[in-house]
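2 protein chains.
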Amino acid sequence: MPRRDELLAIAARLFAERGFKNTTVRDIAEEAGILSGSLYHHFASKEAMVDELLDTFQTELWEQYDAIDASDRTPREKLEAVVRASFDAIDQHHSEVAIFQTDAAYLSGFERFAYLEERNKRFRELWTRLLSQGVESGELRADLDIELVYRFLRDTVWVAVRWYRPSGELSPVQVADQYLSILLEGITT
Amino acid sequence: MPRRDELLAIAARLFAERGFKNTTVRDIAEEAGILSGSLYHHFASKEAMVDELLDTFQTELWEQYDAIDASDRTPREKLEAVVRASFDAIDQHHSEVAIFQTDAAYLSGFERFAYLEERNKRFRELWTRLLSQGVESGELRADLDIELVYRFLRDTVWVAVRWYRPSGELSPVQVADQYLSILLEGITT
DNA sequence: CCAGAAACCAAACAAGTGCTTGGTAGGGTA
DNA sequence: TACCCTACCAAGCACTTGTTTGGTTTCTGG
Chain A
0 MPRRDELLAI AARLFAERGF KNTTVRDIAE EAGILSGSLY HHFASKEAMV DELLDTFQTE
60 LWEQYDAIDA SDRTPREKLE AVVRASFDAI DQHHSEVAIF QTDAAYLSGF ERFAYLEERN
120 KRFRELWTRL LSQGVESGEL RADLDIELVY RFLRDTVWVA VRWYRPSGEL SPVQVADQYL
180 SILLEGITT
Chain B
0 MPRRDELLAI AARLFAERGF KNTTVRDIAE EAGILSGSLY HHFASKEAMV DELLDTFQTE
60 LWEQYDAIDA SDRTPREKLE AVVRASFDAI DQHHSEVAIF QTDAAYLSGF ERFAYLEERN
120 KRFRELWTRL LSQGVESGEL RADLDIELVY RFLRDTVWVA VRWYRPSGEL SPVQVADQYL
180 SILLEGITT
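Protein chains in written order, with numbering that gives the first Met the number 0: chain A, 0 to 188; chain B, 0 to 188.
Source of the hints: derived by calculation from the structure; they are not laboratory data.
Hints are supplied without guarantee of correctness; some may be wrong.
Each pair may be met inside one copy or between any two copies, as identical chains are not told apart.
30 Å max Cα-Cα, derived DSSO-like pairs, lysine-lysine [stated by the list, open to error]:
| no. | residue 1 | residue 2 |
| --- | --- | --- |
| 1 | 45 | 20 |
| 2 | 120 | 20 |
| 3 | 120 | 45 |
Let the sequences and hints guide you as you build the complete structure.
Right, here's the structure in full:
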């Protein structure tokens with residue numbers, strides 16, 4: 000792995016653990032065994048590091064979402080697939096998801112990260128549309144507030160990054176199975 | 000309202016909006032129309048402010064939890080009541096819940112905030128016990144992983160603080176109704 | 001009106017922050 | 001050998017951070 004990628008991986012881990020603002024360039028450098036100033040040979044700024052992390056991750060995730068949305072499935076099946084893809088992202092891009100969850104609100108205040116808001120908007124449009132289509136097709140309950148179900152769904156999925164550990168005993172498939180089971184059928188008998 | 004309480008309310012709002020570490024004492028002072036040093040006439044430190052906020056809130060919340068747990072209800076009814084009490088807390092102590100959600104992980108690293116971990120532990124014990132009792136009584140599904148359902152339940156409830164607005168059009172009762180309906184019965188027809 | 005308390009100011013300090021600058025070590029290439 | 005390029009160091013700069021100190025204003029009860 001090129002040195003630059005090593006440094007970016009260290010930064011990703013620290014940003015995820017402590018938050019962006021709460022991680023100093025000296026922290027990153029120390030973990031890499033160099034001095035803080037040397038980081039600037041590889042990256043233009045601390046912001047540029049997190050930018051690169053979030054941007055590449057989001058691009059990759061949306062390729063999957065778009066493929067699912069364009070596929071030949073019922074709304075409910077698409078919802079399931081999107082949820083599974085999201086848990087996959089939590090598994091394979093754990094740090095990036097954690098950073099997004101923790102620092103997106105703060106970062107989106109800067110012009111540089113305006114694309115975060117844009118992605119959030121697209122995300123909301125996709126999920127609420129799938130929910131509406133699910134209600135129309137009769138697969139989903141019609142008595143629920145779509146907007147509220149959307150927030151419920153979105154939060155339950157992404158907040159899992161806080162406790163999920165990629166190398167743990169639960170696979171993303173197992174977690175997705177149980178989450179979807181609860182979500183679709185409820186926890187009562 | 001005494002001056003001290005005013006300042007604490009301002010600090011609570013800013014901590015909730017921007018996060019603890021990301022809010023400076025100068026920010027708080029400016030909103031109050033004073034200089035940052037003057038805050039130290041009322042509070043010993045910035046940490047003391049957030050400590051007071053979190054401590055009083057947690058104490059109040061647990062009075063309700065304990066009352067519910069000691070009441071004469073079935074496990075499922077207790078779960079419902081605890082969820083409703085939690086949404087009430089989001090409504091009435093919005094800033095404190097937001098701070099707890101955002102900064103508890105960071106703060107609990109300090110000795111001063113060791114009680115946060117302790118509360119989390121008690122919280123987990125209460126909820127998992129109610130879930131287990133619900134399964135035993137036949138009210139809840141037996142095929143689900145209790146630990147995972149607990150995390151699901153906990154996160155879905157508390158993460159709502161990110162979008163819920165106390166003065167908005169949705170009351171905590173309405174939100175709790177829908178959340179419980181999804182959780183208990185699922186979103187499918 | 002006046003003493004004392006409560007609230008605040010003005011100025012600074014030490015530590016920590018992101019980042020810059022000019023230089024150096026070392027390996028690969030012609 | 002001479003050259004270059006990647007990776008890094010050493011030192012520091014300008015700024016922000018939480019906090020302290022000694023003094024001043026404002027309010028209130030007797």
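30 Å Cα threshold - placement of residue 20 relative to residue 45: Both: 10 Å inside a chain and 17 Å across chains, each within 30 Å.
Within, between, both or neither, where residue 120 and residue 20 count as close if Cα-Cα is 30 Å or less: both (25 Å within a copy, 28 Å between copies)
Intra- versus inter-subunit Cα pairing at 30 Å for residue 120 with residue 45: Answer is within; shortest intra-copy Cα gap is 26 Å, inter-copy 36 Å.
In the structure shown, no violation is registered for any of the earlier numbered hints.
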